[in-house]
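Enquirer: For the record, the sequence lines run as chains A and B.
Residues 1 to 149 (the working numbering) are what the first sequence spells out, left to right.
Residues 1 to 658 (the working numbering) are what the second sequence spells out, left to right.
Hint data in this document are derived by calculation from the structure and do not stem from the laboratory.
You may find that some hints are simply not true.
Claimed, not checked - Cut-off 16 Å, straight-line C-alpha distance, at most; resulting in silico cross-link-like pairs (EDC-like, lysine to aspartate or glutamate):
#1 B:563 to A:64
#2 B:642 to B:579
#3 B:642 to B:599
#4 B:564 to A:68
#5 B:563 to A:111
#6 A:17 to A:101
#7 B:564 to A:53
#8 A:11 to A:96
#9 B:563 to B:483
#10 B:424 to B:375
#11 B:642 to B:658
#12 B:198 to B:45
What the hints assert, rightly or not - Partner residues aside, some chain B positions facing chain A, computed with beta carbon under 7 Å:
#13 317
#14 552
#15 560
#16 562
#17 626
#18 628
Unchecked claim - Not everything, but these chain B residues come out facing chain A in the computed CB check (under 8 Å):
#19 441
#20 444
#21 557
#22 559
Each residue gets a CB set at the ideal place from its N, CA and C atoms; glycine is no exception.
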Amino acid sequence: MLSETTSLELKESRTVKNLIELFAREAQALICYRRFASTARHEGLPAVAEMFERLAQNQAVLVEGHLDFLRMVGDPLSGLPLGHTGANLGAALAGEDASGDLYQLASRTAEGEGLVDIASWLQSTAASKRLHRQRISEALTRSQETGGR
Amino acid sequence: MEFSAQPHRTDASGHTYDEQSVVVLSGVEAIRKRPSMYIGSTGAEGMHHLLFELVENAVDEFLAGHCRNIRVVLHADGSCAVTDDGRGIPVALHPRENRPTAEILLTDLHSGGKFKGDAYYLSGGVHGLGLTCVNALSEWLTLQVWRDRVHYSQEFRRGVPGREAREPDATSSRRGTSIRFRPDREIFGGEHEFSYEKISARLRELAYLNSGVTLLIEDERGGLGTEHHSTSGLVGFVESVNRNRAVINQEPIYCRGARGETVVEAAIQWTTSYAEEIYSFVNSVRTSRGGSHVEGLTRALTAVVNRHAAAPGDALGEITPADILEGLGAVLSVRAAGPQFDSQAKSRLVSPEVADVVESVLADALSGFFAEPSESARRVLARVLDAQHARLAARRMAAPSRYSPQDVARSLEIYRKQFGIRSKNWHDSCRWLTDDHLLSAHVEMCAVGPQARMLDVCCGSGIVGGSFAGRVGYRVGLDITPEMRALAGTRLDEVREGSVYEMSFEDNSFDLVVTREVLHLLPQPRRPLSEILRVLRPGGQLIFGQTVPYGEADAAWMFRIFKKKQPLFCNNFLAEDLEQLLGECGFRNVEIREYLQWEDIDLWIDTHETSALHRQEIRELYYNAPEDVREVHPFEVAPDGKIKDRWRWCIYSARKPE
Numbered sequence: 001m002l003s004e005t006t007s008l009e010l011k012e013s014r015t016v017k018n019l020i021e022l023f024a025r026e027a028q029a030l031i032c033y034r035r036f037a038s039t040a041r042h043e044g045l046p047a048v049a050e051m052f053e054r055l056a057q058n059q060a061v062l063v064e065g066h067l068d069f070l071r072m073v074g075d076p077l078s079g080l081p082l083g084h085t086g087a088n089l090g091a092a093l094a095g096e097d098a099s100g101d102l103y104q105l106a107s108r109t110a111e112g113e114g115l116v117d118i119a120s121w122l123q124s125t126a127a128s129k130r131l132h133r134q135r136i137s138e139a140l141t142r143s144q145e146t147g148g149r
Numbered sequence: 001m002e003f004s005a006q007p008h009r010t011d012a013s014g015h016t017y018d019e020q021s022v023v024v025l026s027g028v029e030a031i032r033k034r035p036s037m038y039i040g041s042t043g044a045e046g047m048h049h050l051l052f053e054l055v056e057n058a059v060d061e062f063l064a065g066h067c068r069n070i071r072v073v074l075h076a077d078g079s080c081a082v083t084d085d086g087r088g089i090p091v092a093l094h095p096r097e098n099r100p101t102a103e104i105l106l107t108d109l110h111s112g113g114k115f116k117g118d119a120y121y122l123s124g125g126v127h128g129l130g131l132t133c134v135n136a137l138s139e140w141l142t143l144q145v146w147r148d149r150v151h152y153s154q155e156f157r158r159g160v161p162g163r164e165a166r167e168p169d170a171t172s173s174r175r176g177t178s179i180r181f182r183p184d185r186e187i188f189g190g191e192h193e194f195s196y197e198k199i200s201a202r203l204r205e206l207a208y209l210n211s212g213v214t215l216l217i218e219d220e221r222g223g224l225g226t227e228h229h230s231t232s233g234l235v236g237f238v239e240s241v242n243r244n245r246a247v248i249n250q251e252p253i254y255c256r257g258a259r260g261e262t263v264v265e266a267a268i269q270w271t272t273s274y275a276e277e278i279y280s281f282v283n284s285v286r287t288s289r290g291g292s293h294v295e296g297l298t299r300a301l302t303a304v305v306n307r308h309a310a311a312p313g314d315a316l317g318e319i320t321p322a323d324i325l326e327g328l329g330a331v332l333s334v335r336a337a338g339p340q341f342d343s344q345a346k347s348r349l350v351s352p353e354v355a356d357v358v359e360s361v362l363a364d365a366l367s368g369f370f371a372e373p374s375e376s377a378r379r380v381l382a383r384v385l386d387a388q389h390a391r392l393a394a395r396r397m398a399a400p401s402r403y404s405p406q407d408v409a410r411s412l413e414i415y416r417k418q419f420g421i422r423s424k425n426w427h428d429s430c431r432w433l434t435d436d437h438l439l440s441a442h443v444e445m446c447a448v449g450p451q452a453r454m455l456d457v458c459c460g461s462g463i464v465g466g467s468f469a470g471r472v473g474y475r476v477g478l479d480i481t482p483e484m485r486a487l488a489g490t491r492l493d494e495v496r497e498g499s500v501y502e503m504s505f506e507d508n509s510f511d512l513v514v515t516r517e518v519l520h521l522l523p524q525p526r527r528p529l530s531e532i533l534r535v536l537r538p539g540g541q542l543i544f545g546q547t548v549p550y551g552e553a554d555a556a557w558m559f560r561i562f563k564k565k566q567p568l569f570c571n572n573f574l575a576e577d578l579e580q581l582l583g584e585c586g587f588r589n590v591e592i593r594e595y596l597q598w599e600d601i602d603l604w605i606d607t608h609e610t611s612a613l614h615r616q617e618i619r620e621l622y623y624n625a626p627e628d629v630r631e632v633h634p635f636e637v638a639p640d641g642k643i644k645d646r647w648r649w650c651i652y653s654a655r656k657p658e
C-alpha cells in the first residue's frame with residue numbers, strides 16, 4: 001500500500017531523524033524551563049520566573065507539534081507504530097521495558113563507580129518504572145479484551 | 001408593618017452582637033473572606049452563579065411539584081430579582097435556633113437543604129451552595145415570602161440580617177418566594193453586569209431540561225424580555241441543537257431510565273454534519289467538557305451499534321466511537337446524588353459509577369431502537385458505516401498527502417476530491433468565505449481599469465472573482481474541481497478547467513489575477529506565482545488574501561491548528577515571508593492591507609477532511625494556548641466551549657514589472 005511504503009521511507013529519512021532529535025531536546029528544555037522558573041522564584045526574581053514559565057508553555061506546543069508528525073511514523077523511542085490507544089499502549093510498554101533494562105545497567109555502573117546515592121536513585125526510579133509497566137500492561141490486556149473500555 | 005419581636009442590635013458597620021449572630025456571621029464571613037472558594041471566581045462568572053443558584057432553587061421547587069412559573073428581572077440599578085410561585089421558603093421560628101428558618105437558610109453556611117458535605121460542596125462549585133453564598137456576597141438582599149396568607153419580608157446587608165416584617169394578608173392566596181439582590185462591588189468590582197443573553201440562554205436550557213416550567217426573563221435596562229417554556233423536553237432540545245443541520249433520524253431517539261437514585265435521560269439524533277454536538281448536564285448543571293456520563297453514552301452507542309451494524313467477517317474492522325459520534329446531536333441529562341467534578345475545570349464529571357449507569361440505561365433503550373427493523377434505524381446504521389468508510393479512505397489518502405515529498409500531482413488529486421466533497425455546503429463551511437468586508441478588502445485594492453480582463457485562479461465557487469463585478473470587464477475562473485466549476489459558472493463570465501501549476505493561457509493574457517487562501521495549500525508556491533506572473537500583462541496586478549499568524553509568538557501554534565484542520569496545509573507563511581516570496585518571484589510594488597475577522601472555529605472544523613481526533617486536538621490547542629499566544633492572537637472560548645478566533649488576513653497587491 002502506498003501509505004505504508006511512504007511511511008517506511010519516511011522513517012529512514014534524515015528529516016525524521018532530525019525531528020526525533022529535536023523532540024528529545026525540546027522536551028528536555030521544557031522540563032528545565034519549569035525548574036528554572038521555580039529557582040528564579042526562590043531567588044526573588046519573579047519576572048525571570050514568569051519568562052521561564054511562559055517559555056515552558058511555548059515549549060509544550062513545540063514538543064507536541066513534533067509529535068504530531070512523529071506519531072505518523074512511529075514511536076520515537078521504540079519505533080513501534082502509534083495512533084489509536086491499542087498501538088500507543090504497545091509502544092509505551094516497549095518503551096518501559098527498554099528503560100527498565102537501562103536502569104538496571106545504569107545502576108550497576110553507578111555502583112561500580114562508587115556513586116552509591118545515584119545508584120540508589122536509579123534503583124528507586126526502576127521501582128517506579130516497574131509500576132508503570134504493570135499499569136500499562138494491565139491497560140493493554142483490558143484493551144485487547146474489551147477494546148479499551 | 002410590624003417588626004420582629006427581637007430586633008438585632010447593630011453597630012455602625014452593621015455587625016450584630018447577640019449570641020445567635022455569632023453563628024450567623026461565621027458562615028457569612030467565611031464566604032466573604034474566600035469568595036472564589038465558594039463561587040469559582042469573583043468575576044462576571046461568579047456573579048452570574050449567584051443568580052443561577054436562585055433560579056435552580058426555584059427549579060427544584062418545580063421538580064418537587066409545587067411551582068410553575070419562575071421570573072427573573074434584571075433591574076436598572078444592577079440588582080436582579082428571582083420570583084417563583086412555589087411553596088415559599090419556611091419562615092416560622094426554627095425550633096432549636098429560635099430564629100425564622102428563612103433567616104437561617106440565608107445566613108448559615110451549613111443550612112442548605114441540598115447540602116451534602118464538603119466534597120459535594122467544593123466539587124460542584126457553586127451549585128447546591130445554598131442561599132447563604134448569595135446573601136453573603138450581596139451588597140443588599142431583600143427576601144419576600146408569601147406563605148399561609150402571610151407576606152413575610154426581610155432585608156440583609158452583606159449577609160447581615162436586618163429589618164424583618166410579617167404582614168397578614170387574609171384575602172390573598174399568593175404563595176412563593178422572591179429574592180432581589182445586588183452583587184457586592186467590594187467582592188465583584190464595579191465593571192461587571194448581568195448579561196441578558198447569558199442568563200436567557202441558561203433559562204432556555206433549564207426550560208428544555210424541565211419540561212413544563214415557565215421561565216421568564218425581563219431586562220429593565222434594555223427593555224428586552226423572553227419567555228422560555230417547553231413541553232417537548234430533551235427531544236425539543238436536541239431538535240433545536242440540530243435545527244441548522246440535515247437530520248438522519250427525523251424523530252430523535254428518546255431514552256429515560258433509572259438505576260437506584262440515578263436518573264438518566266437522553267435524546268439522540270444523527271445529522272449529515274461532521275462534528276458531534278453533545279450537550280450534557282448533571283443535576284441541570286451544564287458539563288461543557290463532558291466526563292463520565294458522556295463516556296457512558298459513548299460506550300452504550302459503541303456497543304449497541306457494533307452489535308447491530310457489524311456483518312460477520314467484516315474486513316473493515318471495528319466501528320470506532322468516532323465513526324458513531326460523527327454528526328451526532330445529543331442531549332444527556334443525569335440526576336445523581338453527590339456527583340464529583342474535575343477539580344480544575346469543574347465542567348467535567350468524574351464519577352465512574354455514573355458512567356456505568358448511563359451505559360446500562362442507554363444500552364437498553366438503544367437496543368430497542370436498533371433491534372426494530374425501522375427505516376430510521378437503517379438510515380442511522382448506514383450513516384455510521386459511511387463515516388467508517390470515509391475514515392478509512394481518509395487515512396489512506398491523508399498519510400501520503402502529509403508525508404510524501406512535495407508531490408504536486410498527488411496533492412492535486414487529493415485537492416480535487418476534497419473540494420469536490422466540500423462543494424456541497426461550501427459557503428456554509430466557515431464564516432470567512434462569504435464575509436462581505438473581507439471580499440471588499442480585496443476589491444478595494446483593485447487598480448485596473450473597467451475594461452480589464454480578470455482571472456480568478458483556484459476560483460472555487462467564484463465568489464472572489466464574482467465580487468469584482470462592475471470593476472472589471474471580463475471575468476475568467478480556473479479550477480481543477482468539476483463541482484466547484486459548476487458553482488463558479490453562476491458568478492463568472494467563463495470558467496476553465498485547469499491547475500494553477502500549468503495554466504493553458506497565453507503569456508500576458510490578463511490585467512488582473514485574483515485568488516484567496518490558496519497558497520498555503522500548494523506544495524511549491526513559487527511555481528503558481530511564476531505562472532501567474534507569466535499570464536499577467538506587464539504592469540498587470542495580482543491581488544490575493546491569505547490568513548497569516550500575528551507574528552513569531554503564534555506561528556507554531558497556528559501551524560498546528562491549520563494542519564490538523566486541513567491535511568493539505570503545507571505553508572505557514574508569516575506576512576513578511578509572503579512579501580519576500582512575491583519579490584523573489586519577480587513581482588514589484590507589493591502592498592499589504594490587514595483585515596481582522598472573527599472566525600467560528602466549531603463551524604470551520606466541522607468538515608470531512610478534519611478527523612474527529614483532530615477536532616478535539618484543535619479545541620485543546622485553544623483551551624491550553626500559551627500566554628504568549630493569547631497576548632498577540634485574540635480568540636474567545638465561550639462558557640459552553642465554543643471557540644471564536646480573530647483571524648489575521650493580509651491582502652496583498654503586487655505588480656508585474658512594466
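Enquirer: Taking the hints in turn, state whether each one holds.
Expert: Do the hints match the structure? See the list:
1. B:563 to A:64: holds, 13 Å
2. B:642 to B:579: Distance of about 34 Å is beyond 16 Å: violated.
3. B:642 to B:599: holds, 11 Å
4. B:564 to A:68: The hint holds at about 9 Å.
5. B:563 to A:111: Given that 16 Å is the threshold and the Cα spacing comes to 48 Å, the pair is violated.
6. A:17 to A:101: violated, 24 Å
7. B:564 to A:53: At roughly 26 Å apart (the allowed maximum being 16 Å), residue 53 of chain A and residue 564 of chain B break the hint.
8. A:11 to A:96: violated, 22 Å
9. B:563 to B:483: violated, 24 Å
10. B:424 to B:375: violated, 25 Å
11. B:642 to B:658: violated, 49 Å
12. B:198 to B:45: Given pair residue 198 of chain B, residue 45 of chain B holds - Cα atoms ~10 Å apart, limit 16 Å.
13. 317: violated, 11 Å
14. 552: violated, 10 Å
15. 560: With a minimum Cβ separation of about 5 Å from chain A (threshold 7 Å), the hint on residue 560 of chain B holds.
16. 562: At 12 Å from the nearest chain A Cβ, residue 562 of chain B fails the 7 Å test, so the hint is violated.
17. 626: holds, 3 Å
18. 628: holds, 5 Å
19. 441: Nearest chain A Cβ about 30 Å off; hint violated.
20. 444: The hint is violated - residue 444 of chain B has no Cβ within 8 Å of chain A, the shortest such distance being about 35 Å.
21. 557: With a closest approach of 5 Å, the residue 557 of chain B hint holds.
22. 559: Holds, because the Cβ-Cβ distance from residue 559 of chain B to chain A comes to roughly 7 Å (cut-off 8 Å).
In summary, the structure is inconsistent with hints 2, 5, 6, 7, 8, 9, 10, 11, 13, 14, 16, 19 and 20 from the numbered list given earlier, while agreeing with the others.
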